[in-house]
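Colleague: So you can see what is in the structure, the chains are spelled out below.
Protein chains: 2
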Amino acid sequence: MNGNTHTQRISDVNQLFLKKTLDIICGKWRLFIIFQLSEQDRRYGELRRMIPDVSEKVLIQELKALVELGVLQKKSYNEVPPRVEYGLTEKTRTILPVLNQIMVIGHTFLAP
Amino acid sequence: MNGNTHTQRISDVNQLFLKKTLDIICGKWRLFIIFQLSEQDRRYGELRRMIPDVSEKVLIQELKALVELGVLQKKSYNEVPPRVEYGLTEKTRTILPVLNQIMVIGHTFLAP
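Going down the list, the sequences are from chains D and G.
To convert, count from 1 in the first sequence and add 22; that's my numbering.
To convert, count from 1 in the second sequence and add 22; that's my numbering.
A portion of the hints provided could be inaccurate.
Since the list gives no way to pick one copy over another, a pair counts as held whenever it fits inside one copy or between any two copies.
[To be verified] Only pairs whose alpha carbons sit at most 20 Å apart, straight line, appear in this in silico EDC-like list of lysine to aspartate or glutamate: (1) K79 - E61; (2) K41 - E84; (3) K50 - E84; (4) K50 - D34; (5) K113 - E78; (6) K42 - D75.
No wet-lab data here; the hints were simulated from the structure.
Keep in mind that this is a model prediction, so the values were computed, not measured.
Work the whole structure out from these sequences, hints included.
Modeller: Right under this line is the structure:
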């Protein structure tokens, strides 16, 4: 009996989309960081205060990863003293409604 | 200067929702498994064939975790030979539309 007659495998393309999705939202602090930047750009020090439970090392590492993924952009302003802020990219803005919806999952499973 | 005048921390309740959400969808194979069960219940052997890249040990471990989280239910049928199938719980069915939307994230970031 051929298993394929009864089962359907996820397509390679969908696997790719899913992998990328998980890269972006998984990781303990990624969604936290994105939500904190949804209203306005923030400096590193502000983010530190907004997410006090994260260690300095991990926050720096997560910000770097999110910039590399194209989720965040780092903007440097030529001021004295120099100012650097993190903000959401245009792509991230387009998926914000989906990211907000994601919270529904936890809400559903924590309901009695 | 008080940092709180400029920054707003995620509420403890939202942190809880987010943590639960990540428990459910993160983990390399969790969403894969949920999607594979969205149309019908499946036996362990069928799931193995549908997700051939996952090792036996990891699949068993992920199925167990998803049952404990209330995402999947294990149904035993009193037949000869005994039949055991995995299926989505009612709560998981209610969040399926959100889970389907999640793929949009990967799609957006893989687009040029």
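Colleague: All the hints need checking, so say for each whether the structure fits it.
Modeller: Verification of the supplied hints:
In this assembly of identical chains, the alpha carbons of K79 and E61 never lie at most 20 Å apart, being 25 Å within a copy and 43 Å across copies at closest. Taking CA atoms no more than 20 Å apart as the test, K41 paired with E84 passes in both settings, with 17 Å inside one copy and 17 Å between copies. For the homomeric pair K50 and E84, the shortest alpha-carbon distances inside one copy (9 Å) and between copies (19 Å) are both at most 20 Å. Taking the closest pair of Cα atoms, K50 and D34 come within 20 Å of each other only across two copies (15 Å); inside a single copy the shortest separation is 27 Å, beyond that limit.
In this homomeric assembly, K113 and E78 never come within 20 Å of each other (Cα to Cα): the closest approach is 27 Å inside a single copy and 37 Å across copies. With identical chains, the CA atoms of K42 and D75 are at most 20 Å apart between copies only, with a shortest distance of 17 Å across copies and 26 Å within one.
When each numbered hint is compared with the structure, violations occur for hints 1 and 5.
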